[in-house]
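Chemist: Protein chains in written order, with our numbering: chain A, 1 to 258; chain B, 1 to 258; chain C, 1 to 318; chain D, 1 to 318.
Source of the hints: derived by calculation from the structure; they are not laboratory data. Please read these numbers as outputs of a predicted model, since none were measured by experiment. Think of the CB as a built atom: it goes at the ideal place given N, C-alpha and C, for glycine as much as any other residue. A couple of the hints might just be wrong.
Heads up, simulated DMTMM-like pairs for lysine to aspartate or glutamate below, C-alpha to C-alpha not over 25 Å straight-line [what the hints assert, rightly or not]:
no. : chain 1 : residue 1 : chain 2 : residue 2
1   : B       : K61       : D       : D253
2   : C       : K219      : A       : D73
3   : B       : K61       : C       : D290
4   : A       : K61       : D       : D290
5   : A       : K176      : D       : E196
6   : A       : K61       : C       : D253
7   : A       : K61       : C       : D250
8   : D       : K219      : D       : D253
9   : A       : K153      : D       : E138
10  : B       : K61       : D       : D217
11  : B       : K176      : C       : E196
12  : B       : K239      : B       : D10
13  : B       : K143      : C       : E196
14  : B       : K153      : C       : D296
15  : A       : K61       : C       : E251
16  : A       : K143      : D       : D180
17  : D       : K219      : B       : E86
18  : A       : K143      : D       : E196
19  : A       : K157      : A       : E213
20  : D       : K219      : B       : D79
21  : B       : K61       : D       : D250
22  : A       : K176      : D       : E197
23  : B       : K157      : C       : D180
24  : A       : K180      : D       : E196
25  : B       : K61       : B       : E86
26  : D       : K219      : B       : D73
Chain B residues, not near chain D, derived (Cβ > 10 Å throughout) [what the hints assert, rightly or not]:
no. : residue
27  : V126
28  : G172
29  : G222
30  : S247
Facing chain D, from chain C, some residues (calculated, C-beta under 10 Å) [what the hints assert, rightly or not]:
no. : residue
31  : S164
32  : L166
33  : P167
34  : R172
35  : F193
36  : A200
37  : P254
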Amino acid sequence: MESAEMFTSDEMMSIAAARQLSNNEVCFIGIGLPSKAANLARRLHAPDLIMIYESGTLGAKPSRLPLSIGDGDLAETADTIVSVPEIFNYLLQPGRIDVGFLGAAQIDRFANLNSTVIGTYRNPVVRLPGAGGAPEIAGACKKVIVMLRQSPKSFPKELPFITSVGFGSGPGDREKFGLKGAGPVMVITDLGILEPDPKTKELVFTHLHPNIEIEKVIESTGWNLRIADQLEVTEPPTKEELEAIRSLVAAGELPLAR
Amino acid sequence: MESAEMFTSDEMMSIAAARQLSNNEVCFIGIGLPSKAANLARRLHAPDLIMIYESGTLGAKPSRLPLSIGDGDLAETADTIVSVPEIFNYLLQPGRIDVGFLGAAQIDRFANLNSTVIGTYRNPVVRLPGAGGAPEIAGACKKVIVMLRQSPKSFPKELPFITSVGFGSGPGDREKFGLKGAGPVMVITDLGILEPDPKTKELVFTHLHPNIEIEKVIESTGWNLRIADQLEVTEPPTKEELEAIRSLVAAGELPLAR
Amino acid sequence: MMFLKIILLRFTQRDTYIVCLTAHFSIMSDRWFLQGFGVRPLRQRGSHLAPIIPLSEAIGSLLNDGDTVALEGFTHLIPMSAGHEIIRQHKTDLTVVRLTPDLISDQLIGMGCVSKLVFSWGGNPGVGSLHRFRDAVEHGWPQPLEIDEHSHAGLTNRFIAGASGLPFAVMRGYRGTGLDGVTPTVLPITCPFTGEELRAVAAVNPDLSVIHAQRADRKGNVQLWGIVGIQKEAVLAGRRSLVTVEEIVDELDPRPGHVVLPSWLVTAVALSPRGSHPSYAAGYYQRDNDFYIAWDAISRNRETFLAWMSANVLGGAS
Amino acid sequence: MMFLKIILLRFTQRDTYIVCLTAHFSIMSDRWFLQGFGVRPLRQRGSHLAPIIPLSEAIGSLLNDGDTVALEGFTHLIPMSAGHEIIRQHKTDLTVVRLTPDLISDQLIGMGCVSKLVFSWGGNPGVGSLHRFRDAVEHGWPQPLEIDEHSHAGLTNRFIAGASGLPFAVMRGYRGTGLDGVTPTVLPITCPFTGEELRAVAAVNPDLSVIHAQRADRKGNVQLWGIVGIQKEAVLAGRRSLVTVEEIVDELDPRPGHVVLPSWLVTAVALSPRGSHPSYAAGYYQRDNDFYIAWDAISRNRETFLAWMSANVLGGAS
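Turn these sequences into a full structure, and let the hints guide you.
Modeler: Rendered as structure tokens:
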């Protein structure tokens, strides 16, 4: 299980996420971690991945990691650019997108996401940027993959605010709210991978990344985490994957910390 | 009052209508009589008339009379082309258009228009083309000018079907129906001009075209027509106006009868 | 029935074939998916790219008797050749959706393909009546024609709702007109903020939406320009979609005012040069106004109409 | 107050001056016209064409204290120079509407111009927080900031409703999220055809909508291309509108994917080269990503922020 090379947990996270994307899939990309993973997939096994950013660029093929969803490079390399109304009303809402790829500040055990506020809404301790396109990506894409680093703060027992619905308070809630997509099928962190239990919709920890102790995972989760009976270990990065992500980051506009 | 030249009642109708359009007005044009009149105005006193056809051509400057609202000449000479959704939702519905210029098969004393059916809707004697853009042109333009030839059939006592609302059954109906524009301010026929009474909204015959007898007007109206106390006679066509309309028709794609 | 038809499709790529089989199962199991979203069901993991197939195969596989079919093109880029192919394949009991029925609908109606017309202006533009449409409505020939009639704004918003995956759209219209009482796809709705009474129009999601465009590339990406009407919304509202094109090219170089429909939003593309005649395709050929005028005489009586169709459409030429 | 401001406008053409006076009276008499239609009131017989005027004059005459002002541009073509002019003119008590508040809103908020923010994503794209926005929300500095918060889809549909002259728009969203309870411009609505519960969002009709575009011609016709975001809808939703442009040209030659706003849909145009910096104008200059990253440090505390604004905006340079 040891990789031929050293790698960071952030690299493992991006690589694990990139592996989830198939060629020719239509993928709606949030900026930051998801954008890094999607562009990595495009350089590896999914050269024809169809990337959509909420700025309206369809089929963008950026030569380097964009800093923002509206970078000129995205617009110049896109198959076509549509308006923001078209992105949300004609492409997202009707459920045409295969995969929604989201980050968030916090996630709960039913894969609901918070990117709005820490503290209370009226008296915030930390005011986060807010919803953006996330509620519609989480609601309407055929499936959703979430990426965030795992810690007691980012995996709290209870969210102070639900920005985007995963599975609400459990089975049936997505249907109740009229959300048409299947919801989050996978949560990829720097420690491993979580997947919803098909019946209860509670997130189950199914894959441990190489070199990570399971105790670290449990400590980094604010709720009583369910671990899969058959816990697997994530395939370590290949040499090709590591080279690709390092050249991507080196050439990118993205500050290295993100 | 005699013109220097002979002219037909159809020519007088088009010329009288063209005179109502001012330079720089934004004018929504129906095909047929309105299109002829608007293009005549553009060749005379309103070279910068902004013509909009429901096909989405904004600022069309056709070199000849178009046969349809979607002729290539309209598209090629337009300032820009927008989609049909934009025409109806972004330009017409919000009331941005100065003048709506409409034809119809029939009109009643409150300037309601029928272009749907003669007979009953379920058992039509003559099935007409239907609404198209007319209800929205009549409803939402700041003001509306209607053109049609006057006869007992086209000016019936009661319409078999209201396709487009003029003043409904009288004062207050436009407000009741949520129609924001002022409604028809003028009806121009081959015999003269009718205008709504500011209080009752009933059409009053205010201008008699040259060489027309008032008896002919009364005979050609299916209801008990109100004649203005101060009935005026329409200014006859000038030489310039006649030359312009004849060259327009000669060069046009429009069959001469229309 | 549909299952058989889909299987019989002879796509060249094995992948696409598998995708089509999958499609059938999702039709069976996920009816909400087809209804609520109005997206073609041809998708597995990895999105379906539109194959370029012959027009006869496209109509044969994508359109079934009894289907609702939108044929859009606002005066420009009317998909005439697709209409002719529908006639040649003797499709029946169709609900045709089209803002301006035009000659294409006149022919489909006169040839007995259509049991219901959803429309907003049924005339011969600049010329006069659509005689076959009138004959069907006024005299039930060759069969009675049910109508679901709107204003352009109303049917436009039905397409917008369909394209948006919503069950309805809101507009200010219909009130005070005769259509408000006779069209069941229009209902009152009240603004929850202002109390204003407006009208809701029901989404239209055709089983198949057909448009004509100038060009596609070999991957099935579509490009159209000039008067683009309601075509984008029609394609997006359709559960399946077919685009006939003047030309297949290697690269879609950008054109001012163009609409680009990425391949993954289209079910299939078919090459059909002059496929819009007597309508036109900007940059390729002009509107044949003489034919629109001539159609008045051809279509005015049943015999001359049938003779013309027999000679010009059923014979194979179109 | 408004009356005086309008009179004080020194337009070069007498015609335009008269039009402006007329505008005032229609504000007084036809409140529904302004509210329901969201169109600028500057019109007599014959439509108003947008005059090209200096930016300072445009902000001075078109924006009043207490107004609602939309500043749109989705990462691209952000009207930064107009924001700076608003700051220089010490406008106060503004309600700012913007999907992605970005640096322009951070500066307006930090300088005390804004009492309410209508928005859907308030961060520094790819970098992190908007510190001035956070300071206002978390600590009420320099004054408390009321917020009306949406998803992008929700605020987009509020602009669409505003542009369409409708009081609301319908969407599938908000249900199950925290925003559903805290945002008063979102209410339930039921489909009259299917019974599905959806959400209605209230139209937004700013007193002034400001966008930045690449070019205008001398008649005030505007052209923009690249990522066009929600700009068309913002302009159409505005009761008045201002477009700052990189360049005034004789002819607007067509560009692929361009949006053209005819002069009669725009209230005024102002020349403002590099008016979007540190955002960008495709075809003119690139996004200054370094500045976005630098802004994090500049804006992190009140003193460095005020010093930077004083040196770079209030001093006149922008």
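Chemist: The structure should be examined with respect to each hint, and the outcome stated for every one.
Modeler: Cross-check of the supplied hints:
1. B:K61 <-> D:D253: Cα-Cα ~17 Å, so holds.
2. C:K219 <-> A:D73: Judged against 25 Å, a Cα distance of about 23 Å means the pair holds.
3. B:K61 <-> C:D290: 22 Å, holds
4. A:K61 <-> D:D290: The given pair, whose Cα atoms are some 22 Å apart, holds under the 25 Å limit.
5. A:K176 <-> D:E196: Satisfied, since the Cα-Cα distance of roughly 10 Å is no more than 25 Å.
6. A:K61 <-> C:D253: This hinted pair holds, its Cα atoms lying about 17 Å apart.
7. A:K61 <-> C:D250: 19 Å, holds
8. D:K219 <-> D:D253: 14 Å, holds
9. A:K153 <-> D:E138: It holds: about 19 Å lies between the C-alpha atoms, which stays within 25 Å.
10. B:K61 <-> D:D217: 18 Å, holds
11. B:K176 <-> C:E196: Distance of about 10 Å is within 25 Å: holds.
12. B:K239 <-> B:D10: 16 Å, holds
13. B:K143 <-> C:E196: 22 Å, holds
14. B:K153 <-> C:D296: Holds, because 23 Å separates the two Cα atoms, which is no more than 25 Å.
15. A:K61 <-> C:E251: 16 Å, holds
16. A:K143 <-> D:D180: At roughly 23 Å apart (the allowed maximum being 25 Å), D180 of chain D and K143 of chain A satisfy the hint.
17. D:K219 <-> B:E86: Holds, at roughly 22 Å.
18. A:K143 <-> D:E196: Distance of about 22 Å is within 25 Å: holds.
19. A:K157 <-> A:E213: Since the Cα atoms of K157 of chain A and E213 of chain A sit roughly 21 Å apart, the hinted pair holds (cutoff 25 Å).
20. D:K219 <-> B:D79: Roughly 12 Å separates the two Cα atoms, so the pair holds.
21. B:K61 <-> D:D250: 19 Å, holds
22. A:K176 <-> D:E197: 10 Å, holds
23. B:K157 <-> C:D180: Holds: K157 of chain B and D180 of chain C sit about 22 Å apart, inside 25 Å.
24. A:K180 <-> D:E196: The hint holds at about 13 Å.
25. B:K61 <-> B:E86: Roughly 20 Å between the alpha carbons, so the hint for K61 of chain B and E86 of chain B holds.
26. D:K219 <-> B:D73: 23 Å, holds
27. V126: 32 Å, holds
28. G172: 15 Å, holds
29. G222: 33 Å, holds
30. S247: 25 Å, holds
31. S164: 8 Å, holds
32. L166: It holds, given that the least Cβ distance between L166 of chain C and chain D is near 6 Å, below 10 Å.
33. P167: 4 Å, holds
34. R172: 7 Å, holds
35. F193: 5 Å, holds
36. A200: Holds - the Cβ of A200 of chain C comes within 10 Å of chain D, reaching about 5 Å at its closest.
37. P254: P254 of chain C check passes; min Cβ-Cβ to chain D is 3 Å, inside 10 Å.
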